[in-house]
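Kindly produce the complete structure, drawing on both the sequences and the hints.
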Amino acid sequence: MIQEIVRVESNQEIAEGLFLLKFDSKNIAANARPGQFVNVRSIHGWSPMLLRRPFSISRIVGISVELLFNVVGGGTRALAAQRPGDSIDVLGPLGVPFRLQDAFDTAVIVAGGLGIAPFPFLTDRLENGEGTILTFFGSRGRFDIDKLHLNSVHYATEDGSRGFKGTVVECLASFLQSHQPAKPKIFACGPNKMLAVLSAFVQTHQLACELSLEGDMACGIGICQGCPVERTKGTKKYALVCTEGPTFDCRDIVLTS
Amino acid sequence: MKTSFSIGDVEFKNRVLVASGTFGYGNEVKDLVDVNKLGGIITKSLSWKPREGNPPRRIVETPSGMLNSIGLANIGVQAFIDEKLPYLRTLKTKIVVNIAASSVQEYCDVLSLLEKQEGIHAYEINVSCPNVKEGGLSFGTDCAMTKEITARLRPLTKKPLIIKLTPNVTHVSEFARAVEEAGADAVSLINTLVGMAVDVRTRKPKLSTTTGGLSGPAIKPIALAKVYEAAQAVKIPVLGIGGIQSAEDAIEFLLVGATAVQIGTMNFIDAGASVRIAEQVREFAEKANLDDVGKLVGALDANVKYSVLQSWL
Chain A
0 MIQEIVRVES NQEIAEGLFL LKFDSKNIAA NARPGQFVNV RSIHGWSPML
50 LRRPFSISRI VGISVELLFN VVGGGTRALA AQRPGDSIDV LGPLGVPFRL
100 QDAFDTAVIV AGGLGIAPFP FLTDRLENGE GTILTFFGSR GRFDIDKLHL
150 NSVHYATEDG SRGFKGTVVE CLASFLQSHQ PAKPKIFACG PNKMLAVLSA
200 FVQTHQLACE LSLEGDMACG IGICQGCPVE RTKGTKKYAL VCTEGPTFDC
250 RDIVLTS
Chain B
0 MKTSFSIGDV EFKNRVLVAS GTFGYGNEVK DLVDVNKLGG IITKSLSWKP
50 REGNPPRRIV ETPSGMLNSI GLANIGVQAF IDEKLPYLRT LKTKIVVNIA
100 ASSVQEYCDV LSLLEKQEGI HAYEINVSCP NVKEGGLSFG TDCAMTKEIT
150 ARLRPLTKKP LIIKLTPNVT HVSEFARAVE EAGADAVSLI NTLVGMAVDV
200 RTRKPKLSTT TGGLSGPAIK PIALAKVYEA AQAVKIPVLG IGGIQSAEDA
250 IEFLLVGATA VQIGTMNFID AGASVRIAEQ VREFAEKANL DDVGKLVGAL
300 DANVKYSVLQ SWL
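The listed protein sequences derive, respectively, from chains A and B.
Per numbering that gives the first Met the number 0, numbering through the first sequence is continuous, rising by one, with the last residue being 256.
Per numbering that gives the first Met the number 0, numbering through the second sequence is continuous, rising by one, with the last residue being 312.
Check the hints yourself; a few may be wrong.
Rough simulated footprint, nothing fancy, chain B against chain A, three-plus residues with beta-carbon under 8 Å [stated by the list, open to error]:
| id | stretch |
| --- | --- |
| 1 | 0-9 |
| 2 | 46-55 |
| 3 | 211-220 |
| 4 | 225-233 |
Example chain B residues on the side facing chain A (calculated, C-beta under 10 Å, incomplete) [what the hints assert, rightly or not]:
| id | residue |
| --- | --- |
| 5 | Glu51 |
| 6 | Gly52 |
| 7 | Pro54 |
| 8 | Thr61 |
| 9 | Ile69 |
| 10 | Gly215 |
| 11 | Pro216 |
| 12 | Ala270 |
In silico lysine to aspartate or glutamate, DMTMM-like type, Cα no more than 20 Å apart, as pairs [unchecked claim]:
| id | chain 1 | residue 1 | chain 2 | residue 2 |
| --- | --- | --- | --- | --- |
| 13 | B | Lys93 | B | Glu117 |
| 14 | A | Lys182 | A | Asp104 |
| 15 | B | Lys29 | A | Asp88 |
| 16 | A | Lys25 | B | Asp30 |
| 17 | B | Lys83 | A | Glu243 |
| 18 | A | Lys164 | A | Asp143 |
| 19 | B | Lys83 | B | Glu27 |
| 20 | A | Lys235 | B | Glu82 |
| 21 | B | Lys1 | B | Glu285 |
| 22 | B | Lys115 | B | Asp81 |
| 23 | A | Lys236 | B | Glu51 |
| 24 | B | Lys205 | A | Glu213 |
For the record, the hints were derived by calculation from the structure and aren't laboratory data.
Here a beta-carbon is modelled for each residue, glycine too, at the ideal position from N, C-alpha and C.
Structural data, given as structure tokens:
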């Protein structure tokens with residue numbers, strides 16, 4: 000884990016409401032693994048915002064680190080306003096990465112909306128291996144992710160404007176009725192409501208599944224105790240999203256929407 | 000340049016400490032900052048048994064501040080002794096253990112167990128957590144109770160006893176005076192202010208416990224006024240806490256009478272802030288041709304005359 004001030008290389012709205020920010024960091028690029036995150040503070044320009052904001056590492060190309068975000072509040076509004084050359088303060092890489100050493104032949108990525116953020120990085124790392132990658136992407140309406148580095152994307156939209164009409168979990172279920180991917184493992188990220196439905200589905204079908212969760216955190220390193228998620232077992236009631244996650248086996252945590 | 004100060008017999012190397020609950024048990028940030036350069040580390044509050052803490056959501060950011068409702072989540076005093084104290088003992092800074100409890104007896108039990116351990120230099124007693132049902136604020140807003148807790152703990156230790164006060168009372172000076180009479184070696188203030196935030200879309204409180212504790216720069220002016228009030232009321236050292244982000248902020252607290260300061264919320268944002276502030280306070284005193292940072296303490300020029308404030312322009 001390191002904290003450094005980095006220069007924004009580029010920050011573009013690559014699709015409506017979807018920002019891609021790039022900065023160079025040798026340290027983070029060399030040490031980060033898919034599923035990890037950085038905790039970012041915009042320091043250019045005044046903002047009443049105080050705390051860092053956690054973002055999945057979306058992709059690493061050489062020493063360039065990419066973050067994908069949408070504007071949902073003051074913190075992301077401040078980040079969207081950063082221009083090339085502005086400085087941001089980055090702490091990372093943080094958290095537990097996806098476990099890629101498990102035995103699986105097909106990586107099944109399931110993402111809802113901005114939950115797609117960690118998966119270009121995962122796709123990059125898995126492409127070098129033997130296995131197959133399938134991607135299921137769900138959104139309410141049109142949500143353009145065509146510019147992202149992904150593999151075999153199956154789209155689901157609730158309004159039917161693109162691909163499967165319905166939720167991403169329904170889309171996955173319908174796909175699995177007619178296809179039998181070899182030794183699948185699901186990697187998922189999205190709204191808690193979607194993850195709860197997915198978690199119930201994969202446990203019924205006994206599929207391996209790891210989830211990447213969001214948490215309201217101040218520090219990102221286990222000090223503030225701000226980001227608990229309830230465990231299903233063990234003596235401790237809560238795990239911290241920042242240090243014990245953000246990736247969890249779906250059987251280990253209780254999702255509340 | 001003298002930077003140190005003392006509470007009772009314990010000498011702290013500088014006047015900048017890290018506040019309870021904002022620095023864990025010291026080991027989490029050892030890659031980011033040289034913790035030995037701190038005046039002292041005040042640990043996360045410890046209770047007799049581990050506490051799970053409150054359900055999420057526990058943290059909400061508000062303009063220039065944050066609301067928290069952690070609920071004193073902690074590993075319990077025995078796990079602290081077994082797992083955390085060995086590391087803290089290796090540090091070359093002063094270790095102040097913060098104690099929170101839901102009964103007077105629990106405070107006594109925790110402190111008595113800690114008394115048997117090596118490597119603890121002082122205690123800070125949390126009678127002011129707004130986020131727990133029992134104890135917490137119901138103690139801290141009751142002056143007689145706050146005094147009783149202090150009086151009951153006093154005979155159990157010769158080490159400095161610092162009572163952490165809440166701002167959620169009308170006159171904090173009454174509480175400061177009461178614990179001074181009961182034998183406290185210092186008071187620290189302010190703990191968080193009770194606050195609230197609402198999600199207008201769902202019409203629900205943003206925090207799971209409805210209200211929480213407000214900290215950060217938003218509370219600094221309130222904290223300064225409370226510290227000023229307390230410092231005038233007692234002779235024992237006052238540790239100033241509340242929204243400090245910079246050396247200038249810290250010096251404001253010293254000027255109104257704080258013997259030392261604690262940095263809280265800022266540690267979440269920048270783990271190195273406290274060490275940097277300690278260094279910059281020293282530089283400020285140097286530039287002012289002082290030979291002791293302590294000469295800033297209570298050095299407020301209270302003769303208020305109108306002049307255009309540079310920082311306003």
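Each hint, compared with the structure:
1. 0-9: holds (count 3)
2. 46-55: n = 5 at 8 Å, threshold three: holds.
3. 211-220: Three-residue rule met by the stretch 211-220 of chain A, so holds; n is 6.
4. 225-233: With 5 residues close enough to chain B, the hint holds.
5. Glu51: Holds: closest Cβ of chain A sits about 4 Å from B/Glu51, inside 10 Å.
6. Gly52: 6 Å, holds
7. Pro54: Where the cut-off is 10 Å and the nearest Cβ of chain A is about 7 Å from B/Pro54, the hint holds.
8. Thr61: 9 Å, holds
9. Ile69: Holds, about 5 Å.
10. Gly215: This interface hint holds because 6 Å falls under the 10 Å limit.
11. Pro216: 7 Å, holds
12. Ala270: OK, holds: B/Ala270 within 10 Å of chain A, min 7 Å.
13. B/Lys93 - B/Glu117: 12 Å, holds
14. A/Lys182 - A/Asp104: Distance of about 5 Å is within 20 Å: holds.
15. B/Lys29 - A/Asp88: Holds, at roughly 18 Å.
16. A/Lys25 - B/Asp30: 17 Å, holds
17. B/Lys83 - A/Glu243: 19 Å, holds
18. A/Lys164 - A/Asp143: 16 Å, holds
19. B/Lys83 - B/Glu27: 11 Å, holds
20. A/Lys235 - B/Glu82: 16 Å, holds
21. B/Lys1 - B/Glu285: Holds - the C-alpha atoms of B/Glu285 and B/Lys1 are around 10 Å apart, at most 20 Å.
22. B/Lys115 - B/Asp81: Within the cut-off at roughly 13 Å; holds.
23. A/Lys236 - B/Glu51: 6 Å, holds
24. B/Lys205 - A/Glu213: With a Cα-Cα distance of about 16 Å, the restraint between B/Lys205 and A/Glu213 holds, given a limit of 20 Å.
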